[in-house]
Amino acid sequence: MATRAFADLAKSNASKRGMPHIRAAFTPHPVWGKTAEQLRAYIDGNDPVSGKPLMKEIIDGLTVPLTAEDTKTGMMDVSVGPPVYGPDTLDNLQKHFLNNGMTDFLPVIIPTQEKVDAMLKGTSHKPDEVVGKMAAGAFAPWTYTVRQVAVNAVMAGCEPEYFPIVLAIASTGMAALGSSTTSFAYSMVINGPIRDQLNMNYGIGAMGPFAQPNATIGRAWTLLGKNLGNGGIAGDTYMGSQGNNTNYNNIVIAENEKESPWTPFHVQKGFKPEENVVSLFAGEDIRQGHGARGAGVLENPMFDDQISDMFRTLTSQFNALVICDPLTVKRLVEQGYDTKEKLMDWLWQNTKRTAKEYRDSAFVYTFHKPLAQRGIEPYATWYNCPEDTLIPWWPKPDDIALVVTGGQTNPFFQVGNLNYRVSVSIDKWM
Amino acid sequence: MNRRKLLSLLGMSPALLAGSRAEAQKTRTGKSAAPEEPKYQALNPKGTPPPVKLVPMAPRLDTIHGKTVYLVDTGFMGGGTLLQQMQAWFNQNMPDVTVVFRKKAGPYMEDDPPLWKEIKEKGNAAIMAIGH
Numbered sequence: 038m039a040t041r042a043f044a045d046l047a048k049s050n051a052s053k054r055g056m057p058h059i060r061a062a063f064t065p066h067p068v069w070g071k072t073a074e075q076l077r078a079y080i081d082g083n084d085p086v087s088g089k090p091l092m093k094e095i096i097d098g099l100t101v102p103l104t105a106e107d108t109k110t111g112m113m114d115v116s117v118g119p120p121v122y123g124p125d126t127l128d129n130l131q132k133h134f135l136n137n138g139m140t141d142f143l144p145v146i147i148p149t150q151e152k153v154d155a156m157l158k159g160t161s162h163k164p165d166e167v168v169g170k171m172a173a174g175a176f177a178p179w180t181y182t183v184r185q186v187a188v189n190a191v192m193a194g195c196e197p198e199y200f201p202i203v204l205a206i207a208s209t210g211m212a213a214l215g216s217s218t219t220s221f222a223y224s225m226v227i228n229g230p231i232r233d234q235l236n237m238n239y240g241i242g243a244m245g246p247f248a249q250p251n252a253t254i255g256r257a258w259t260l261l262g263k264n265l266g267n268g269g270i271a272g273d274t275y276m277g278s279q280g281n282n283t284n285y286n287n288i289v290i291a292e293n294e295k296e297s298p299w300t301p302f303h304v305q306k307g308f309k310p311e312e313n314v315v316s317l318f319a320g321e322d323i324r325q326g327h328g329a330r331g332a333g334v335l336e337n338p339m340f341d342d343q344i345s346d347m348f349r350t351l352t353s354q355f356n357a358l359v360i361c362d363p364l365t366v367k368r369l370v371e372q373g374y375d376t377k378e379k380l381m382d383w384l385w386q387n388t389k390r391t392a393k394e395y396r397d398s399a400f401v402y403t404f405h406k407p408l409a410q411r412g413i414e415p416y417a418t419w420y421n422c423p424e425d426t427l428i429p430w431w432p433k434p435d436d437i438a439l440v441v442t443g444g445q446t447n448p449f450f451q452v453g454n455l456n457y458r459v460s461v462s463i464d465k466w467m
Numbered sequence: 023m024n025r026r027k028l029l030s031l032l033g034m035s036p037a038l039l040a041g042s043r044a045e046a047q048k049t050r051t052g053k054s055a056a057p058e059e060p061k062y063q064a065l066n067p068k069g070t071p072p073p074v075k076l077v078p079m080a081p082r083l084d085t086i087h088g089k090t091v092y093l094v095d096t097g098f099m100g101g102g103t104l105l106q107q108m109q110a111w112f113n114q115n116m117p118d119v120t121v122v123f124r125k126k127a128g129p130y131m132e133d134d135p136p137l138w139k140e141i142k143e144k145g146n147a148a149i150m151a152i153g154h
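Read top to bottom, the protein sequences are chains A and B.
Position one of the first sequence corresponds to residue 38 (our numbering), numbered consecutively onward.
Position one of the second sequence corresponds to residue 23 (our numbering), numbered consecutively onward.
No lab work stands behind these hints: they were computed from the structure.
Be aware that one or more of the hints could be misleading.
Distance ranges between label pairs, derived from CB positions [what the hints assert, rightly or not]:
{"id": "1", "chain 1": "B", "residue 1": "P135", "chain 2": "A", "residue 2": "P67", "range": "27 to 35 angstroms"}
{"id": "2", "chain 1": "A", "residue 1": "G373", "chain 2": "B", "residue 2": "M150", "range": "52 to 60 angstroms"}
{"id": "3", "chain 1": "B", "residue 1": "A56", "chain 2": "A", "residue 2": "E151", "range": "48 to 56 angstroms"}
{"id": "4", "chain 1": "A", "residue 1": "L135", "chain 2": "B", "residue 2": "D84", "range": "46 to 54 angstroms"}
{"id": "5", "chain 1": "B", "residue 1": "A110", "chain 2": "A", "residue 2": "D382", "range": "46 to 54 angstroms"}
{"id": "6", "chain 1": "B", "residue 1": "P72", "chain 2": "A", "residue 2": "D45", "range": "48 to 56 angstroms"}
{"id": "7", "chain 1": "A", "residue 1": "Y285", "chain 2": "B", "residue 2": "P117", "range": "31 to 39 angstroms"}
{"id": "8", "chain 1": "A", "residue 1": "K379", "chain 2": "B", "residue 2": "P72", "range": "32 to 40 angstroms"}
Backbone N, C-alpha and C fix where the C-beta goes; we use that ideal spot for every residue, glycine too.
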């Protein structure tokens with residue numbers, strides 16, 4: 038039994054798991070926030086999908102004899118279409134890709150054999166090598182080869198020399214589209230000399246639409262999730278209620294290692310400075326802070342209360358990714374924060390809320406409460422301490438990630454409610 | 023310098039290149055003929071789904087009267103309250119059905135094999151309430 042908002046998802050997901058005739062019943066939507074009386078009315082009322090009384094629908098589902106189709110065994114057809122489309126005009130192929138859910142609804146570069154072959158020259162890996170498996174949500178993962186990744190890199194507008202980064206991302210199996218009702222955002226941090234070799238932008242407008250590699254590598258990640266991970270079909274494999282504009286090409290951050298006095302992010306994760314690495318994050322969103330007050334103008338030695346206020350809007354389900362302009366960082370270094378770790382520790386110590394506020398969060402109820410009930414720390418303590426106890430936003434300081442990018446025109450910073458997931462070598466895919 | 027770059031420098035649209043070709047064709051044939059648009063093949067961008075084996079549905083009950091039905095809350099907010107109302111419905115309308123309410127262990131993504139084992143051993147049917 039699910040709510041009506043999930044009717045298509047329930048049927049299609051069951052079908053993808055070999056149960057196309059699953060018996061499901063639906064209540065009105067939503068369930069949360071309703072009183073017991075209102076929910077009793079759901080039980081006494083009709084299934085909004087079938088129009089029949091809900092309880093009759095449920096009891097019939099348990100007792101009506103199975104049909105021959107219900108007990109059928111064997112394999113299901115899982116075709117994803119022919120290996121090649123056309124021959125046809127570029128306009129018609131563009132429409133075909135658009136109308137069949139293979140794009141981000143912006144025009145794509147049509148992946149002709151010639152263009153895909155050119156993309157494949159960007160790596161030494163064989164076209165038929167299996168790169169990984171991906172599922173854009175709670176579905177059985179799909180597999181894909183170097184060639185299939187190349188097709189999507191072409192569509193996104195990547196140049197062949199960007200291809201190792203796209204392959205490195207694909208190798209993680211992490212999709213930049215989720216199936217949750219939460220409209221997730223995704224981010225990548227790129228470190229190493231490849232940033233300069235590709236002319237990636239980590240200066241003015243670093244996170245904006247001002248450089249081809251930043252724009253197209255980020256876009257490729259979304260297309261990978263759509264086409265290789267079977268995601269991004271609204272109402273089916275994608276249920277984010279409002280959607281997330283960053284999903285067009287994600288939050289791409291080439292770290293400004295040149296202007297940052299701090300250790301580069303990939304070195305923090307155990308790589309050598311000369312290695313090329315992409316690190317991936319997932320979470321909810323990103324917001325902008327004016328660092329001028331604390332970091333640039335006043336003598337306030339701290340990162341100021343604005344960042345604390347911003348932290349108060351984050352959910353505990355995801356950690357923090359703080360993205361500082363080099364100008365902000367230089368000011369912070371003058372104030373004594375000469376390592377990322379010192380600032381991470383300060384942020385962790387100074388961005389607390391009461392245990393009551395923590396426990397009242399819907400995400401905490403859903404995700405942390407079951408862990409607390411099992412006695413897993415620190416959640417068990419956070420659930421059992423007095424309501425006015427101040428507790429940190431996350432279990433430990435390194436749940437806050439710090440990276441540096443920007444063109445030093447103003448000491449700004451941005452804060453993402455994003456979880457660090459993984460760092461992988463780009464060099465391996467050259 | 024190629025012709026396209028030269029035209030750009032002169033402030034002329036490179037599109038004229040196409041126009042000049044069409045003009046030449048008109049001269050040769052003596053009448054206008056739209057050149058056929060070139061056609062291409064595009065590679066399928068989709069990955070490879072895993073083979074999916076059909077799972078036959080579990081045998082149905084002939085009746086639920088006198089049987090034990092588990093109601094399983096997966097942990098989404100409100101799901102427990104909804105199922106408790108369903109339990110009340112059974113108590114009022116089908117009192118001979120034994121209804122057992124269970125909250126699945128862990129957050130909603132986690133599996134709970136001990137609960138499935140218990141339902142198989144002690145229950146005749148189960149109803150799961152999923153999301154929001």
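Against the structure, the hints:
1. A C-beta distance of roughly 29 angstroms is found between B/P135 and A/P67, which places it inside the suggested range of 27 to 35 angstroms.
2. Between A/G373 and B/M150 the Cβ separation comes to about 54 angstroms, which falls inside the hinted range of 52 to 60 angstroms.
3. Hint check: B/A56 to A/E151, Cβ distance near 25 angstroms, so the stated range 48 to 56 angstroms is violated.
4. Between A/L135 and B/D84 the beta carbon distance is about 51 angstroms. The supplied range of 46 to 54 angstroms therefore holds.
5. B/A110 and A/D382 have their C-beta atoms about 52 angstroms apart, which keeps the hinted 46 to 54 angstroms range intact.
6. Judged by the Cβ atoms, the range 48 to 56 angstroms given for B/P72 and A/D45 is violated: they are separated by roughly 21 angstroms.
7. Remark: the range hint 31 to 39 angstroms for A/Y285 to B/P117 is contradicted by a beta-carbon distance near 56 angstroms.
8. Our hint of 32 to 40 angstroms for A/K379 and B/P72 is violated, since their Cβ atoms are close to 47 angstroms apart.
Checked against the numbered hints above, the structure breaks hints 3, 6, 7 and 8 and satisfies the rest.
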